[in-house]
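Novice: The lines below spell out each chain.
There are 2 protein chains.
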Amino acid sequence: MNANKQNFGRVALIGIGLIGSSLARIIKRDGLADHIVVSARTEDSLNKALELGIADSVTLETAEAVKDADIVVICTPMGAYKSIIEAAAPALKKGAIVTDVGSVKGSALNDLGPHIPEGVHLIPAHPVAGTEHSGPEAGFAELFEDRWCILTPPPGADEGAIKTITDLWQATGANIEIMDAGHHDLVMAMTSHIPHLIAYTIVGTATDLENSLRDEVIKFSAGGFRDFTRIAASDPSMWRDVFLNNREAVLEMLQRFNEDLTAMQRAIRWGEADTLYELFERTREIRRGVIDAKQA
Amino acid sequence: MNANKQNFGRVALIGIGLIGSSLARIIKRDGLADHIVVSARTEDSLNKALELGIADSVTLETAEAVKDADIVVICTPMGAYKSIIEAAAPALKKGAIVTDVGSVKGSALNDLGPHIPEGVHLIPAHPVAGTEHSGPEAGFAELFEDRWCILTPPPGADEGAIKTITDLWQATGANIEIMDAGHHDLVMAMTSHIPHLIAYTIVGTATDLENSLRDEVIKFSAGGFRDFTRIAASDPSMWRDVFLNNREAVLEMLQRFNEDLTAMQRAIRWGEADTLYELFERTREIRRGVIDAKQA
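In order, the protein sequences belong to chains A and B. All residue numbers for the first sequence refer to this note's numbering, where the first residue is 359 and numbers rise by one. All residue numbers for the second sequence refer to this note's numbering, where the first residue is 359 and numbers rise by one.
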């Protein structure tokens with residue numbers, strides 16, 4: 359083993375979709391763990407994990423998966439967190455770290471925190487990366503490179519545990535940011551949740567069109583619509599849970615968006631050319647910012 | 359010259375942005391014209407066209423550009439159409455074909471039609487392709503490959519002229535569709551104009567956030583927002599004119615979108631998990647359609 363290489367011991371992945379399987383690929387590729395145990399809801403997912411060579415062992419039982427694990431990474435839709443931690447808690451070993459990859463961190467703390475046993479550490483995390491594909495086969499080892507991974511440790515969290523989860527995500531190529539959970543959820547409402555909600559909605563609007571018109575919308579989608587269809591192909595269970603768990607922040611940002619859209623609607627109705635031009639010019643600067651931040 | 363190769367004679371390009379310069383590159387690369395004359399609003403654009411080697415001659419005067427031209431392609435924002443055709447009309451030669459590349463076809467017919475002299479043909483066209491970049495340097499010869507180019511000839515248009523413009527766009531690698539102008543505008547409202555309007559609006563909403571939050575929105579844009587910033591970096595003049603010229607269809611589709619977004623908002627507020635899941639599942643099918651139609 360490379361002297362510089364870290365070893366995270368026994369890692370349990372609960373859920374093996376896009377994010378979980380990408381993380382597993384990296385751990386396998388770089389030999390970062392002694393053993394990867396994968397737990398999932400279906401035999402099918404477990405078999406795929408074995409076929410892909412990204413699990414050393416598999417089990418349908420959460421408690422069995424987390425037994426003896428040094429790090430437990432919950433990679434399921436957020437609606438499953440409560441039942442997972444209830445099943446896992448009695449089996450967690452002293453000194454273990456529980457983390458997750460969910461897109462909402464306030465609810466992760468609320469759902470997991472009360473069930474974490476004495477001597478076990480909770481360090482929620484959110485790798486800000488993804489594609490529209492889901493399932494174990496969709497993962498790839500480069501998914502997190504140069505992306506951000508945000509940790510939201512609860513107040514007073516163990517420094518050693520924070521360092522371990524930082525090291526784990528740095529090993530994937532991600533950059534680490536530590537943030538308050540509530541602030542994270544507000545930022546993500548704007549950068550991720552509202553864009554997804556809007557994309558889902560407009561693609562839904564298109565599916566409700568008269569049949570002939572709908573076929574043409576697909577045919578001529580290269581004019582902008584196809585980018586929305588890509589976003590709106592993301593995992594339905596995951597996104598349902600995001601919106602249910604980040605309700606307040608999403609509704610707040612949605613309200614702002616709605617006001618702005620109404621203003622645009624009015625500008626179009628009344629032919630206010632300058633209002634339109636001024637906004638369209640202003641938004642270019644944000645794009646430059648995204649490019650400068652190397653997130654384009 | 360290759361025996362199979364077509365020659366479109368003398369081609370005048372009025373405007374040399376992303377679309378015009380891409381078309382010029384193809385005509386040059388494949389030797390499809392005897393001469394390309396480029397007209398633009400600024401010396402700067404004309405100099406760039408010469409530097410890029412995509413113009414044989416340049417002029418600031420529309421009338422001079424269209425004189426003796428066999429095909430005149432208007433590639434400017436649509437707000438300039440009326441003044442361009444007024445300047446061009448007296449100089450157009452008998453048998454010339456006037457076409458354009460604008461995103462709204464009803465207004466193209468309305469703005470250009472009344473000024474077309476007897477014996478000159480008007481065949482409006484819309485290549486459904488683009489990027490967020492603009493200007494003469496932004497063009498590239500592959501832009502139209504496997505994309506659609508929609509022709510909206512007015513009733514009774516000359517068949518020979520339709521064939522010539524069909525041939526021109528087929529030579530770019532585009533597939534041709536002939537459509538009624540009003541129907542085109544309705545389809546594009548949904549596939550292109552509303553997606554752009556929404557992207558501009560949400561990026562605008564983000565620019566209005568408190569400074570610290572705005573910086574973070576840029577930093578963590580990989581969660582979905584960056585796709586919107588790309589769309590919202592498109593040419594402001596062009597898009598202002600699209601919304602002003604396709605007002606009725608845009609407002610109609612926007613109304614439908616608004617109703618659907620309000621329904622989603624309500625589902626989030628009341629925690630209606632099934633409503634959210636059902637929509638998110640349904641929109642995946644549209645994505646499959648886009649992929650099957652090879653427009654992904």
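FYI, nobody ran anything at the bench for these hints, they're computed from the structure. A portion of the hints provided could be inaccurate.
Identical copies carry no separate label here, and so any pair may be met within one copy or between two of them.
To be verified - Capping the alpha-carbon separation at 25 Å, the derived lysine-lysine pairs in PhoX-like fashion look like this: (1) Lys425 <-> Lys652; (2) Lys386 <-> Lys406; (3) Lys406 <-> Lys521; (4) Lys406 <-> Lys577; (5) Lys577 <-> Lys440; (6) Lys577 <-> Lys521; (7) Lys452 <-> Lys440; (8) Lys440 <-> Lys386; (9) Lys652 <-> Lys577; (10) Lys451 <-> Lys652; (11) Lys452 <-> Lys577.
Novice: Each of the hints needs a verdict: does it hold here or not?
Specialist: Hints, one by one, checked against the model:
In this assembly of identical chains, the alpha carbons of Lys425 and Lys652 never lie at most 25 Å apart, being 40 Å within a copy and 47 Å across copies at closest. Taking CA atoms no more than 25 Å apart as the test, Lys386 paired with Lys406 passes inside one copy only; the shortest distance there is 15 Å, against 52 Å between copies. Proximity of Lys406 and Lys521 under a CA criterion of 25 Å is satisfied in neither setting, with 32 Å inside one chain copy and 54 Å between copies. In this assembly of identical chains, the alpha carbons of Lys406 and Lys577 never lie at most 25 Å apart, being 34 Å within a copy and 35 Å across copies at closest.
Proximity of Lys577 and Lys440 under a CA criterion of 25 Å is satisfied in neither setting, with 43 Å inside one chain copy and 31 Å between copies. Proximity of Lys577 to Lys521 under the C-alpha cut-off of 25 Å is restricted to the inter-copy arrangement: shortest distance 22 Å between copies versus 50 Å within a copy. With identical chains, the CA atoms of Lys452 and Lys440 are at most 25 Å apart within one copy only, with a shortest distance of 20 Å there and 77 Å across copies. Proximity of Lys440 to Lys386 under the C-alpha cut-off of 25 Å is found in neither arrangement, the shortest distances being 28 Å within a copy and 64 Å between copies.
Taking identical chains as interchangeable, the C-alpha atoms of Lys652 and Lys577 lie at most 25 Å apart only when they sit on different chains, with a minimum of 9 Å there against 32 Å within one chain. In this assembly of identical chains, Lys451 and Lys652 lie within 25 Å of each other by CA distance neither inside one copy nor across copies; the values are 40 Å within and 51 Å between. Taking the closest pair of Cα atoms, Lys452 and Lys577 never come within 25 Å of each other, the shortest separation being 57 Å inside a single copy and 36 Å across copies.
In terms of the numbered hints stated before, the structure departs from hints 1, 3, 4, 5, 8, 10 and 11, listed from lowest to highest.
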